[in-house]
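J.: Letter by letter, the chains look like this.
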Amino acid sequence: MTTTELAAGFADKVLGAQSTFRAVMEAMARPGRIQRITFEAGTPAPLMHASAALALTLFDHDTPIWLDAAIAADGTAARWLKFHTGAPLTDDPSTAAFALIGDGSALLPLERFALGTPEYPDRSTTLIIQVQALGSGASYRLHGPGIDGEALLQASLQPADLFDRLSFNAALFPRGLDVVLVSGDQVVAIPRTTRLSQGS
Amino acid sequence: MAMHAETQNSPEQAATARRRAAMAVLAASETAAIGARLDTLAPPAFTLLREPEQGLVMLRGRIGGDGSAFNVGEATVSRAAVRLASGEVGFGYTLGRDRTKAKLIALCDALLQSADYSAAVETEVIAPLQTEVEAARAEKAARTAATKVDFYTLVRGEG
Amino acid sequence: MYVAVKGGERAIDNAHRLLADARRGNRDVPELTLDQISEQLALGVDRVMSEGSLYDRELAALAIKQARGDLIEAIFLVRAFRATLPRFGSSEPVDTGAMAVRRRISSTFKDIPGGQILGPTFDYTHRLLDPQLAESGDPAEPATAEASDAPTPRVTDILRQDGLIEESPVAEDDSAVGDLTREPLNFPAGRDLRLQNLARADEGFLLALGYSTQRGYGRNHPFAGEIRFGDVEVFFEAEDAGFAVPLGSVALTECQMVNQFKGSATEAPRFTRGYGLAFGQSERKAMSMALVDRALRAQELGEDVKAPAQDEEFVLSHSDNVQATGFVEHLKLPHYVDFQSELGLLRKLRAEFNQDQPELREAAE
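Sequence order for the protein chains is W, C and S. Under numbering that gives the first Met the number 0, the residue at position 121 of the first sequence is numbered 120, and the numbers go up by one with no gaps. Under numbering that gives the first Met the number 0, the residue at position 27 of the second sequence is numbered 26, and the numbers go up by one with no gaps. Under numbering that gives the first Met the number 0, the residue at position 46 of the third sequence is numbered 45, and the numbers go up by one with no gaps.
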């Protein structure tokens, strides 16, 4: 056990979880709009600040998590997640409640994750994808519930065809995948109901 | 003390067994008693690796007492983790919602692993608490033993 | 259907103030402390822990105080509280064979290793009200005797050695234990889920069902092979520490029912069994649970499923007193719109009836 080098969790557990929950709830309610998660939290590489805060807020003993190779890397993030959240790690993405993606270019086919069932559509994997930039880069026009008309999201992200891939949500509904994009302390949610506008 | 049967053939296993035995004594002791004994040691400064927190553990039993597991119900549990300046990390777990107790157990666990404090914790904290715990158990056992049934057969009359 | 109705806030606030006053009762009488409840109403605390499905004496005592002694309300409070705490994980299955026994009896063998130990029991009391208890005063100190270190093996272990009783089911690993607090109950349910359901089930409901099996509704010839109550150490595999840490001990009551034997062309006849396990000293609960557990195994053991206690869906769906009280008591919520529509329909039907059959109406008048 190398807890001696382990990074801290939230500076204040209750307030950290509350404010982060509020931010991600706002993000889910307003797809495409950038929210910031600024509450102080330990952030073990290669996790970004907002990913770490989301993990501390949303992961627990009952949420199996799947890490891609970039996050799993040397085990630092895995040990930190285990200690602070108690969430079990899974090798099988189809059993994961959350997946942490550090390298979007190597993103698995989305069908490999849990897509929920018709009876329990919530039993799906929420993807937390770390991207290069939010607020700059390519433009994406989004529409759907929570968006008044159309939202413009600028992001520099991998895989470049992420939104095309996510279009499978339309046919799956009410099953499907919810996505949270993270860059530093910024987050943007792309829930399963959000669609890419035509002609973008 | 119900300890799991383990072959203690390595120093590491022996150290773990010692820590577990100490934790069992501490979990069975009162917070105030642990605190008072620890104070006499003037323990070193430490940082909280895990803020003392309350949570639940699902208690499991076995079908028929000896079969596969099932969930009986939950119990409140408090836990903490501390790190001494010298690097030793201690863990504290206890039934109930007493966060201070979890922190004190974690501190004892860390001190037990420290070359400077190990012997003192063992003799000044754990040993006297163990004596108290065992005395309380012995009293309970003696009272229970008095309710044990001694069957005897009445002599039957002949004829 | 429920309709949001405003305007009751003041009445509700004042009702709760009145409740607090009624809870306190006559202020000239000393207020109850949680220690008093925990120490002197210990079996009520045990029941609230069992059916509240949360082992914490202090919280159960608080719930009883807050609920004015209404145990089902107290159980409801405890269940609601447990939803506020994160779960760290599951304990290692407790070893009831290693119990520090405070009571242990068998109705199947007079001489059992470790002996018959009565412990603190109502058995053999005369059930006569004791006027002395109405006065204060400490009872005599308990008698003591030399305790023996002899092990107290389970009676079922003894029967097992001779192959006289069926083996308990053993799973390959304990990772897939069903948990009805996480996944909704589906039928047929595994025995793990059935036992979890029964462990938190209403004692009165289980008692009545257990009694019904004895009276012939799903008869299975029970003997109380063993009932034991005492303290069991709990261990928790702590990921951070890297080993199973001791958490302290919990008081549990276990009942092993030995039931009618069964054999086949290929298997020698042997006793079957039913199992009960409950928090604290909850003997009636553990015994009833063991009877119902055995009754619910009817199908597995090739018995006819005819009686209520053998009907898994009936038993497991109605055993939870928090669910039951919620559904029964919701009837007192405003159903004004529902009732108005029923009333409207009834008036219409009556009007039609009177139009069609005026002579009947006259006759009725």
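Simulated from the structure, these hints should not be mistaken for laboratory data. All values derive from a computational prediction rather than experimental measurement. Backbone N, C-alpha and C define an ideal beta-carbon position, used for all residues, glycine too. Hints may contain errors.
[Claimed, not checked] With a straight-line Cα cutoff of 27 Å, these simulated BS3-like cross-link-like pairs (lysine-lysine) come out: (1) 347(S) to 5(S); (2) 331(S) to 147(C); (3) 305(S) to 261(S); (4) 331(S) to 64(S); (5) 12(W) to 81(W); (6) 109(S) to 139(C).
[What the hints assert, rightly or not] Coverage of chain C stretches by chain S, computed from C-beta distances (three or more under 8 Å per stretch; other residues unrestricted): (7) 22-32; (8) 56-65; (9) 70-83; (10) 93-101; (11) 136-145.
J.: Each hint should be assessed against the structure and marked as holding or not.
T.: Outcome of the hint check:
no., hint, result
1, 347(S) to 5(S), "violated (31 Å)"
2, 331(S) to 147(C), "violated (52 Å)"
3, 305(S) to 261(S), "holds (19 Å)"
4, 331(S) to 64(S), "holds (24 Å)"
5, 12(W) to 81(W), "holds (16 Å)"
6, 109(S) to 139(C), "holds (24 Å)"
7, 22-32, "holds (count 4)"
8, 56-65, "holds (count 10)"
9, 70-83, "holds (count 9)"
10, 93-101, "holds (count 4)"
11, 136-145, "holds (count 10)"
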